[in-house]
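Which chain is which? The protein sequence lines are L and D, in order. Position one of the first sequence corresponds to residue 759 (my numbering), numbered consecutively onward. Position one of the second sequence corresponds to residue 2 (my numbering), numbered consecutively onward.
Since the hints were derived computationally from the structure, they do not count as laboratory data. Ideal Cβ positions, reconstructed from N, Cα and C, are used throughout, including at glycine. Fair warning: there could be bad hints in the mix.
Ranges between beta-carbon positions, derived for each pair [unchecked claim]:
hint	chain 1	residue 1	chain 2	residue 2	range
1	L	V808	D	K73	32 to 42 Å
2	L	E762	D	A15	31 to 41 Å
3	L	V872	D	E153	46 to 56 Å
4	L	T789	D	K68	17 to 27 Å
5	D	A10	L	E762	33 to 43 Å
6	L	W814	D	N152	18 to 28 Å
7	L	E762	D	K96	43 to 53 Å
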Amino acid sequence: MTDERDPALQALFAEAEQELAPEGFSTRVMTRLESARRRTVAGWIIAGLVLLSCLWFLAAPLQYAAYQLTGLLATPLINPDEPLLLFLLLPVNNVSTLLVLGLISLVVAFRKLV
Amino acid sequence: MSAAKDGYARSPEALVVGLARAGDRDAFAELVRRRQSGVRNLMRRLCSDVTLADDLAQQAFLQAWLKIRQLKKVNSFAGWLKRLAVTTWLQYLRKNDALRNADEYIEDAQAVRGVASTSGMALDLDRALARLPAHVRTCIVLSYHEGMTNNEVAVLTELPPGTVKSHIRRGTQKLQQYLSAYNETGRTEETP
Numbered sequence: 759m760t761d762e763r764d765p766a767l768q769a770l771f772a773e774a775e776q777e778l779a780p781e782g783f784s785t786r787v788m789t790r791l792e793s794a795r796r797r798t799v800a801g802w803i804i805a806g807l808v809l810l811s812c813l814w815f816l817a818a819p820l821q822y823a824a825y826q827l828t829g830l831l832a833t834p835l836i837n838p839d840e841p842l843l844l845f846l847l848l849p850v851n852n853v854s855t856l857l858v859l860g861l862i863s864l865v866v867a868f869r870k871l872v
Numbered sequence: 002m003s004a005a006k007d008g009y010a011r012s013p014e015a016l017v018v019g020l021a022r023a024g025d026r027d028a029f030a031e032l033v034r035r036r037q038s039g040v041r042n043l044m045r046r047l048c049s050d051v052t053l054a055d056d057l058a059q060q061a062f063l064q065a066w067l068k069i070r071q072l073k074k075v076n077s078f079a080g081w082l083k084r085l086a087v088t089t090w091l092q093y094l095r096k097n098d099a100l101r102n103a104d105e106y107i108e109d110a111q112a113v114r115g116v117a118s119t120s121g122m123a124l125d126l127d128r129a130l131a132r133l134p135a136h137v138r139t140c141i142v143l144s145y146h147e148g149m150t151n152n153e154v155a156v157l158t159e160l161p162p163g164t165v166k167s168h169i170r171r172g173t174q175k176l177q178q179y180l181s182a183y184n185e186t187g188r189t190e191e192t193p
């Protein structure tokens, strides 16, 4: 692509360029910068307080939910009568293993399709 | 001016940029002092409104402070800052729906606002630019004021290269028409 500029216009743009005094402008920029920093800090403090309050009030229900979820994930899939077999299958004989295997299958299937 | 600030004023820009990137606010203040004129002039050409131009220039510097850690080469600060300024302008256009009548050329010769402390020639140029549609004006300013190639303008504005070329050609013709007095009388008269 060729760039064709009108020399007269180019000269006009160059001549219209003024050297602007920095004093007032620089001060305003730094003041806004300081205000923005204060707003950011205030935002983080408020977010932290909200999070802390949520954790404080929801600690008991969250703990209960985590306990229930752990119990659910550890539920055995089969209940063999033989204690030795039960012991050997223990690492894979639970809901969480089933979920992990399902997830891996989905990822493999997705990769094969895409 | 304190000794530290005086030291910044005498330091090479790459060093000051490095310090600002490390979080030194005084170093950044020095960069603002050094680069404000260029950014403000660019914004004045882009928006043809002195107050808005200064406001957008301030926003560009705020963005620069927030993003300066992303700057990889300290020597490319000036170009990076100009790109941020143009992005700030384009965001302003999108946010304020300023492109709604983007294809219209304004025939009112007194289109520029907030002209205090603007020289006659700059005022005339800003008035003429204000009559161009926003996208045409942006392409013209980036080409003539910033000296960018058409491809660079296309990348920055995210417009197709053919459109940029067309905008610059049409904008140039219009500016030649609006600023014909400068060509006829050796740039001594104002735009009619």
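Now the hints, each set against the structure:
no.: 1; hint: L:V808 - D:K73: 32 to 42 Å; in the structure: 36 Å, holds
no.: 2; hint: L:E762 - D:A15: 31 to 41 Å; in the structure: 35 Å, holds
no.: 3; hint: L:V872 - D:E153: 46 to 56 Å; in the structure: 36 Å, violated
no.: 4; hint: L:T789 - D:K68: 17 to 27 Å; in the structure: 20 Å, holds
no.: 5; hint: D:A10 - L:E762: 33 to 43 Å; in the structure: 41 Å, holds
no.: 6; hint: L:W814 - D:N152: 18 to 28 Å; in the structure: 57 Å, violated
no.: 7; hint: L:E762 - D:K96: 43 to 53 Å; in the structure: 33 Å, violated
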